[in-house]
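Q: Chains as they are written, first to last, in the numbering used here: chain A, 1 to 302; chain B, 1 to 294.
Be careful, since some hints might not be right.
Straight-line Cα separation of at most 25 angstroms, DSS-like style, residue types lysine-lysine; simulated pairs [unchecked claim]:
1) A:K22 <-> B:K283
2) B:K97 <-> A:K22
3) B:K253 <-> A:K289
4) A:K128 <-> B:K6
5) A:K129 <-> B:K181
6) B:K253 <-> A:K247
7) B:K238 <-> A:K255
8) A:K255 <-> B:K253
9) B:K253 <-> A:K26
Simulated from the structure, these hints should not be mistaken for laboratory data.
Listed below are the residues making up each chain.
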Amino acid sequence: MVALTDLPKPDQKTPPTALELKLRRKARINTAIRYSVLIVVGLIMVYPLVWMIGASFKTNAEMFSSPSFWPKEPTIQGFIDGWKTSTPYTFGHFFLNSLWIIIPKVIGTAISCTLVAYGFARFEFPGKKILFVTVIATLLLPNVVTRIPQYLLFRDIGWLDSFLPLWVPSALAGDAFFVFMVIQFLRAIPRDMEEAARVDGANTLQTLVYIVVPMLAPAIISVCLFQFMWTMNDFLGPLIYISSVEKYPVSLALKLSIDTTEAFAWNQILAMSVLTLLPSLTVFFLAQKYFIEGISTGGVKG
Amino acid sequence: MGGDSKYLGLWYVAPYVLGLLLFTGFPFVASFYLSFTDYDLLSSPEWVGTANYEKLFTRDRTFDKSLRVTLTYVFTTVPLKLVFALFIAVVLNYRLKGINFFRTAYYVPSILGGSIAIAVLWRYIFADTGLMNMIITMLGGEPINWFGDPDNALFTITLLRIWQFGSAMVIFLAALQSVDKSLYEAAAIDGAGPWQTFRNITLPLITPVIFFNLIMQTVQAFQEFNGPYIITEGGPLKSTYLLPLYIYDEAFKSFDMGYASAISWVLFAIIMVLTLIAFWSSKKWVYYAGDKRS
Numbered sequence: 001m002v003a004l005t006d007l008p009k010p011d012q013k014t015p016p017t018a019l020e021l022k023l024r025r026k027a028r029i030n031t032a033i034r035y036s037v038l039i040v041v042g043l044i045m046v047y048p049l050v051w052m053i054g055a056s057f058k059t060n061a062e063m064f065s066s067p068s069f070w071p072k073e074p075t076i077q078g079f080i081d082g083w084k085t086s087t088p089y090t091f092g093h094f095f096l097n098s099l100w101i102i103i104p105k106v107i108g109t110a111i112s113c114t115l116v117a118y119g120f121a122r123f124e125f126p127g128k129k130i131l132f133v134t135v136i137a138t139l140l141l142p143n144v145v146t147r148i149p150q151y152l153l154f155r156d157i158g159w160l161d162s163f164l165p166l167w168v169p170s171a172l173a174g175d176a177f178f179v180f181m182v183i184q185f186l187r188a189i190p191r192d193m194e195e196a197a198r199v200d201g202a203n204t205l206q207t208l209v210y211i212v213v214p215m216l217a218p219a220i221i222s223v224c225l226f227q228f229m230w231t232m233n234d235f236l237g238p239l240i241y242i243s244s245v246e247k248y249p250v251s252l253a254l255k256l257s258i259d260t261t262e263a264f265a266w267n268q269i270l271a272m273s274v275l276t277l278l279p280s281l282t283v284f285f286l287a288q289k290y291f292i293e294g295i296s297t298g299g300v301k302g
Numbered sequence: 001m002g003g004d005s006k007y008l009g010l011w012y013v014a015p016y017v018l019g020l021l022l023f024t025g026f027p028f029v030a031s032f033y034l035s036f037t038d039y040d041l042l043s044s045p046e047w048v049g050t051a052n053y054e055k056l057f058t059r060d061r062t063f064d065k066s067l068r069v070t071l072t073y074v075f076t077t078v079p080l081k082l083v084f085a086l087f088i089a090v091v092l093n094y095r096l097k098g099i100n101f102f103r104t105a106y107y108v109p110s111i112l113g114g115s116i117a118i119a120v121l122w123r124y125i126f127a128d129t130g131l132m133n134m135i136i137t138m139l140g141g142e143p144i145n146w147f148g149d150p151d152n153a154l155f156t157i158t159l160l161r162i163w164q165f166g167s168a169m170v171i172f173l174a175a176l177q178s179v180d181k182s183l184y185e186a187a188a189i190d191g192a193g194p195w196q197t198f199r200n201i202t203l204p205l206i207t208p209v210i211f212f213n214l215i216m217q218t219v220q221a222f223q224e225f226n227g228p229y230i231i232t233e234g235g236p237l238k239s240t241y242l243l244p245l246y247i248y249d250e251a252f253k254s255f256d257m258g259y260a261s262a263i264s265w266v267l268f269a270i271i272m273v274l275t276l277i278a279f280w281s282s283k284k285w286v287y288y289a290g291d292k293r294s
């Protein structure tokens, strides 16, 4: 058996041996098979989304007549009618509600997770081990067990039908996954700069703000982006806590539109669905690398 | 850091501790207590002992059905999704041009998949005259009754989750790329074929990531709610009535908080037992670098 390193390199201009030709052909076939699999799977993956965008520009009649994604007579009627909704509010109102849920939640998550991760990664204190175990345990704890008493708690303090149940747990570092991710990231950062700052007389909070946070920026951005996506997608939270239509985020508004539009207004519903996906898609394409890095370092559900 | 009070770190983790006590610790204990009560939100909880659990296991046929559907769903979705994610990661893990493009294309559904908009889309795709049946008819097949037939409905939800294999795949891919290349060269010199190399080198080295994905996906699959709630609404004939739906209905439609808590504790117990089995068995099959045992 010839070791691979003994093979003449292509740039040496010696005529290729029979074995080398065989290996090259094998590599080409291998590549061709891989590309075919990737392209076929890729098409199946992406087609529903492409088709959905096409369908949102179709008339309702056309939607049920052809599997092609290209609209024959493109129209934006679906967007116009869907935007009006069957409620007194436009779809824009529901987008603002979503935004109003997301922004404080993302800010609260970023600040609290950074503080808590800093505490865990850089300090020794009594009970640290046990507390860290609870972070991991919470990570694996199914929300379904805590949901009912949480609801009762928020009811008793009068927070139902407000955004507080959606904001406050996150502002108290309630998403253990993010805490864990930032801790992992911090552990990989050397402490030299922080120690130097401390020697120069900065206190721990100043060190955190001026030294650690800039170095942590990629991790914090990942946290913000994931929290943005998940909150945009969140359905069960608003479903349980928000009862008046006036405060609905887009996820509930979409569900409402399936329940209330006459049976066949699918083009309106799909048009609004496309709009709902647009913010997440835009953010994802603008900041892809943070997502891929985020899930590669921490490992994410999804 | 020297010189600071040994309690200084506690101040930084204080928000977490407060949140843990209020929104995790207290509700966790409270839901266990509630599962032994009858509580309709109007009067205060009334202690009924194990009556909720007795009813669940002896007289409640909905629970019976819902539990079976949930187990079927989890035990088909999780393995299919992981095998598919690993397969695509292996195909991608090669010096291919455009690897980033494919990685992105496959990852997009994971980002969007939890969204209600996608569930709505699914509901349309599998409708009687929806996209799927139009394609089937175009290819000369018979249209399939996806939502009307109890044998098919659960499959549409499984398919939605498999479609979101991207995040598991990205984690697999990162692990595959960190496998030491010299091991592959050594295997090639020894004359190992691709399958042998995969089976004896790649697979053992990525077991930690397989384990991680397995646990996370299982815990998540047991809590599936959006898919069946929007797409099939639990039907037909409760064939997609997963336990989280049942808990939601009992708690927030029937306002039977005690009974709903009991169901959620059974679900929790199942997840716990399976997680513990996974952790316990991991000693036998998960390989950790630097671990002398294997």
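Q: Decide, hint by hint, whether the structure agrees.
A: To see whether the hints hold, each was checked on the structure:
no. : hint              : verdict
1   : A:K22 <-> B:K283  : violated, 43 angstroms
2   : B:K97 <-> A:K22   : holds, 22 angstroms
3   : B:K253 <-> A:K289 : violated, 42 angstroms
4   : A:K128 <-> B:K6   : holds, 11 angstroms
5   : A:K129 <-> B:K181 : violated, 37 angstroms
6   : B:K253 <-> A:K247 : holds, 20 angstroms
7   : B:K238 <-> A:K255 : holds, 20 angstroms
8   : A:K255 <-> B:K253 : holds, 17 angstroms
9   : B:K253 <-> A:K26  : violated, 62 angstroms
The structure fails hints 1, 3, 5, 9 (numbered hints given earlier, in ascending order).
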